[in-house]
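Please construct the entire structure, taking both the sequences and the accompanying hints into account.
Chains as they are written, first to last, in our numbering: chain A, 273 to 521; chain B, 78 to 400.
Some clues are possibly wrong.
[As the list claims (entries may be wrong)] In the DSSO-like style, the derived pairs of lysine-lysine whose C-alpha atoms are separated by at most 27 angstroms in a straight line are: (1) A:K288 with B:K219; (2) B:K364 with A:K519; (3) A:K296 with B:K219; (4) A:K296 with B:K204; (5) A:K296 with B:K331; (6) B:K331 with A:K304; (7) B:K357 with A:K288; (8) B:K186 with A:K378; (9) A:K519 with B:K366; (10) B:K94 with B:K331; (11) B:K219 with A:K519; (12) B:K366 with A:K304; (13) B:K262 with A:K320; (14) A:K519 with B:K394.
Since the hints were derived computationally from the structure, they do not count as laboratory data.
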Amino acid sequence: MKIAVCLKRVPDTTTKIVIAADGKSIDESGVKFVPNPYDEYALEEALKLREAAGVGETVVFSVGTDASQETIRTALAMGIDRGVLLQSPGSPDGLETARALAAELKAGGFDLILFGKLAVDDYHHQVGVMTAELMGLPCITSIAHLTLAGGTVEAEREIEGGIEVATCALPAVLTCDKGLNTPRLPSLKGIMAAKKKPLEVKAVTLGAGTLTTLSLALPPERPGGRVVGEGADAVPELVRLLRTEAKVI
Amino acid sequence: MTAILAVTEQREGSLRKVSLEVVSAARTLADAMGATVDALVLGHGPVGGSEGLGRYGADQVLTATHPQFRLYNPDGYAATIAGLAGSHAFVLLSATATGRDLAPRVAAKLGVGCATDVTTLVWESGKLVVTRPVYAGKALQKVRLEGAPAVASLRPNTIQPTEKPRSGTAVTVTVPSFEGRVTVKAIKAPDQAALDVTEAPIVISGGRGLKEPGNFQLLEALAAAFGNAAVGASRAVVDAGWRDHGAQVGQTGKTVSPGLYIAVGISGAIQHLAGMRTAKVIVAINKDKDAPIFKVADYGIVGDLFEVVPVLTEQIKKLRSEG
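This is the structure in structure tokens:
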């Protein structure tokens, strides 16, 4: 079982967003960066499948600047065998990222290529499925349950008001949702071992992309902060306000 | 004449509500740019509701029928849309479970970028410019789509469908041959009555303040009293296993924009606020008067949720029975 996991370095979800002077990006000073939380489900699934298979290899890929090396090391500390940084300046759009990954993964001979369902920074839900499309591979997105048997994938994904059950053949691309597993924490031994694991850095040239960010702004502040009253006695007034003032019920 | 391709969604042969949102958004934009709207319906037979798309502004209703289109068919849908996209200025889908899977497939086939979960769209100098929440709504990004035809998906519940009648001329389109790499076998545990938090007009979310999973029945009862509400949850209670991840509102869950959001026993961590701050009206019920949730709430009640919620449920029931 040879499994690739694609990983993105993102700001921690507790980050308070401050807009940078260019008005198009976030101010990164003081921001803690972590592996994208959804990618951790992909990493855990890769490790579980590799352990169950008994043989094979797990490789983590990331498109980004040199800073992503630290993120890759976190994956290696969890137990991934080796890492590849596709080094690119700036932050390419989803299609350019997918193109870089597809070009790199094409010759890798992977049975499975795993992604997180989305990155918690740009929220695009797209690099995994675009990579699959460019490689001509089947892709099931946002999976919360996975069964592998005889070269066939069966996966479940949440849809509005139900669970969709989908199948495809290996090799395949899957994007992982919360609920698939519980990601392990790197052990101290793992962290030590990760320092010696191979991490290859390859410079990639990316196109200009087709998404141009014109601006980034904080959402308008909600005026909010009006306390109607205390305890159950305040309920009639709340209901009145929702009916006559907010007109939502 | 320029045309917009608006991709609708059906389940079990019936058009879903998001379809009207996507057609209506396309109509508004088409009027501003002097374009027409083609609504696309994909199914394995007649789709109930598709005859009404003209009322919401479709000039043409394109129907692509295929025996394998009873359930979602990622490869077949993507091939059909990509085949039609070339004669359109841009393709607009819904940012639903299906649309989020489908839009990037179409974009990759066309070799263009894709903007997911957009909340506003304008046409500027022959290009689509959109706003989309990033960092789970902690910031708003304005993006110009340079590729043609552009591909974007509209976040559910962000626009109210409005009637702007056009002819809605029925046109049959051919499904191109495609390689069906993924097969959707079934939809499990379909609960037609349960509303998804991303689509419900009213969302009632619970947090740690509910003390134990069984107490969510208080919120279920309130949701039932409203009749059109979904029950959501904070990350803390999802991580504790009290509720399914599908109900989680916040940065590692869902971002919701209902007309009314009621946060019960939720303190309001930054990740949670990010996921619900675009709700039109926010109500907070919490015993801690200093909880951050009160800073974003339009209306707050400081008090014991176990006393407040049942009274609220009774009042809503009464209101509903009075019609």
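Going down the list of hints, with the structure as the test:
Between the alpha carbons of K288 (chain A) and K219 (chain B) the distance comes to roughly 19 angstroms, so the proposed pair stays at or under 27 angstroms and holds. At most 27 angstroms may separate the alpha-carbon atoms for a hinted pair to count; K364 (chain B) and K519 (chain A) meet this at roughly 26 angstroms. The suggested pairing of K296 (chain A) with K219 (chain B) holds, with an alpha-carbon distance near 9 angstroms, which does not exceed 27 angstroms. Of the supplied pair hints, the one linking K296 (chain A) and K204 (chain B) holds, its CA atoms being roughly 19 angstroms apart against a limit of 27 angstroms.
A hinted pair counts as satisfied when its Cα atoms are at most 27 angstroms apart, and K296 (chain A) with K331 (chain B) qualifies at roughly 24 angstroms. Of the supplied pair hints, the one linking K331 (chain B) and K304 (chain A) holds, its CA atoms being roughly 23 angstroms apart against a limit of 27 angstroms. Annotation: proposed proximity of K357 (chain B) to K288 (chain A) holds, straight-line Cα distance about 23 angstroms (limit 27 angstroms). Of the pairs offered as hints, the one joining K186 (chain B) and K378 (chain A) holds, with about 17 angstroms between alpha carbons and a cut-off of 27 angstroms not exceeded.
As the CA atoms of K519 (chain A) and K366 (chain B) are separated by approximately 25 angstroms, the hinted pair is consistent with the 27 angstroms bound. This hinted pair checks out: K94 (chain B) and K331 (chain B) have alpha carbons roughly 19 angstroms apart, not beyond 27 angstroms. For the suggested pair K219 (chain B) and K519 (chain A), the alpha carbons sit about 31 angstroms apart, so the restraint of at most 27 angstroms is broken. Annotation: proposed proximity of K366 (chain B) to K304 (chain A) is violated, straight-line Cα distance about 30 angstroms (limit 27 angstroms).
Distance hint between K262 (chain B) and K320 (chain A) is fulfilled; the C-alpha atoms sit about 25 angstroms from each other, no more than 27 angstroms. Restraint check for K519 (chain A) and K394 (chain B): the C-alpha separation of about 17 angstroms stays at or below 27 angstroms, so the hint holds.
Hint violations for this structure: numbers 11, 12, all remaining hints satisfied.
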